[in-house]
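Quick note, the sequences are listed as chains A and B, same order. In this text, residue positions in the first sequence follow the working numbering: the first is 1, and each later residue adds one. In this text, residue positions in the second sequence follow the working numbering: the first is 75, and each later residue adds one.
Treat the hints as calculated values from the structure; they're not laboratory data. Please read these numbers as outputs of a predicted model, since none were measured by experiment. Each hint should be verified, as a subset may be incorrect.
Said to hold, decoys possible - SDA-like cross-link-like pairs, simulated, lysine to any residue; straight-line CA separation at most 25 Å:
#1 B:LYS268 / B:SER244
#2 B:LYS268 / A:ALA14
#3 B:LYS163 / B:PHE147
#4 B:LYS164 / B:LEU223
#5 A:LYS72 / B:HIS82
#6 B:LYS163 / A:ALA14
#7 A:LYS72 / B:LYS163
#8 B:LYS164 / A:ASN49
Stated by the list, open to error - Now the stretches of chain B that chain A is said to cover, found in silico as 3 or more residues with beta-carbon under 8 Å:
#9 255–262
#10 311–320
Virtual Cβ for every residue (Gly too), placed ideally from N, Cα, C.
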Amino acid sequence: MELEAAKQIGAGLATLGMIGAGIGVGNIFGNFLSGALRNPSAAASQIGNLFVGAALAEALGILAFVLGILLKFG
Amino acid sequence: MAANDPIHQFQIEKLVDFGTVNLPVFGRSELAFTNSHLAMTIAFVIVVGFLSLVTARMQVVPGRMQAVGETLFGMIDNLAESIIGHDGKKYFPFVFTIFMFILAMNVIGLLLTFTVTSQLAVTATFGLMTILLVLIVGFAKNGLGFFKLFVPSGVPWVLLPVIVVIEFVSFLLRPVTLALRLFGNMLGGHVALKVFAGFIVTLVGLGLGGGLGVFGFPGAALSLGMVIALTALECLVAFLQAFVFAVLTCIYLNDVVNLGHGH
Numbered sequence: 001m002e003l004e005a006a007k008q009i010g011a012g013l014a015t016l017g018m019i020g021a022g023i024g025v026g027n028i029f030g031n032f033l034s035g036a037l038r039n040p041s042a043a044a045s046q047i048g049n050l051f052v053g054a055a056l057a058e059a060l061g062i063l064a065f066v067l068g069i070l071l072k073f074g
Numbered sequence: 075m076a077a078n079d080p081i082h083q084f085q086i087e088k089l090v091d092f093g094t095v096n097l098p099v100f101g102r103s104e105l106a107f108t109n110s111h112l113a114m115t116i117a118f119v120i121v122v123g124f125l126s127l128v129t130a131r132m133q134v135v136p137g138r139m140q141a142v143g144e145t146l147f148g149m150i151d152n153l154a155e156s157i158i159g160h161d162g163k164k165y166f167p168f169v170f171t172i173f174m175f176i177l178a179m180n181v182i183g184l185l186l187t188f189t190v191t192s193q194l195a196v197t198a199t200f201g202l203m204t205i206l207l208v209l210i211v212g213f214a215k216n217g218l219g220f221f222k223l224f225v226p227s228g229v230p231w232v233l234l235p236v237i238v239v240i241e242f243v244s245f246l247l248r249p250v251t252l253a254l255r256l257f258g259n260m261l262g263g264h265v266a267l268k269v270f271a272g273f274i275v276t277l278v279g280l281g282l283g284g285g286l287g288v289f290g291f292p293g294a295a296l297s298l299g300m301v302i303a304l305t306a307l308e309c310l311v312a313f314l315q316a317f318v319f320a321v322l323t324c325i326y327l328n329d330v331v332n333l334g335h336g337h
């Protein structure tokens, strides 16, 4: 049973990696907003870059999440 | 608790069983028409049907349906053109196909049937297809010059060995992150939806039990609101992930198409 308990704890700990992704995605959107408020006319052209950046940052958090799922159900 | 298990929805079930066959490389394999196949087929029919419908009676001034189709088409067309440049037109069919297919699978997974893109095998296939195309185009266009991809210009030669290793590993990780991003987003979103939906049932059951359990009712209402909000968010994510997949495909293709001379 200890192995099972360790797996559950490990799965919980693995999801902590998403903290970093949260900080990263928040940073990207926050900086985009402050940039967009300074120069609203240029904001529309950067929406694509915004989402690609957010997706790249998010992917690392998703890796942690997948690891957690693998530990729990794998 | 099978009905309340958030992972249960990703179970693959056989709809029509064709028994097992012996394949030369893979050994004994089960053949069946599963709910995953069904959802993919529906997505395929929707994409082909939708695009045939919007182009059936084309007019110079587009009607509502034609405008939707033209917007989707134009968006990916602009994307390929702006990222890959002049050669973008050549790769547009691949990017548009993969975008429409993933979008259709995400949306019908959310609203109608089984979510195909929550299966790692499916997203990994898309990732592999993309990276194989990148490799083929890269070698066909540049020959052995393809390896210049790992040697960025303007790097001091002392740092070069380190940079080359990092670039190489990051290139190998591209299909992995491409597959995992789509898989993780769809899996995570649907699990969260199911967890909150499960709260509603549990809390209402608690409330009907009487006593202090009546505090379950506001909790259930809160969960219901959360489910509605999450569904709206998931609609955005379903579109966004298909879009991000298309953008990244374009970026990776651009790396090899315009190798060494930007644009």
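Each hint tested on the structure:
| no. | hint | in the structure |
| --- | --- | --- |
| 1 | B:LYS268 / B:SER244 | violated, 34 Å |
| 2 | B:LYS268 / A:ALA14 | holds, 21 Å |
| 3 | B:LYS163 / B:PHE147 | holds, 12 Å |
| 4 | B:LYS164 / B:LEU223 | holds, 21 Å |
| 5 | A:LYS72 / B:HIS82 | holds, 14 Å |
| 6 | B:LYS163 / A:ALA14 | violated, 42 Å |
| 7 | A:LYS72 / B:LYS163 | violated, 45 Å |
| 8 | B:LYS164 / A:ASN49 | holds, 23 Å |
| 9 | 255–262 | holds (count 6) |
| 10 | 311–320 | holds (count 4) |
In summary, the structure is inconsistent with hints 1, 6, 7 from the numbered list given earlier, while agreeing with the others.
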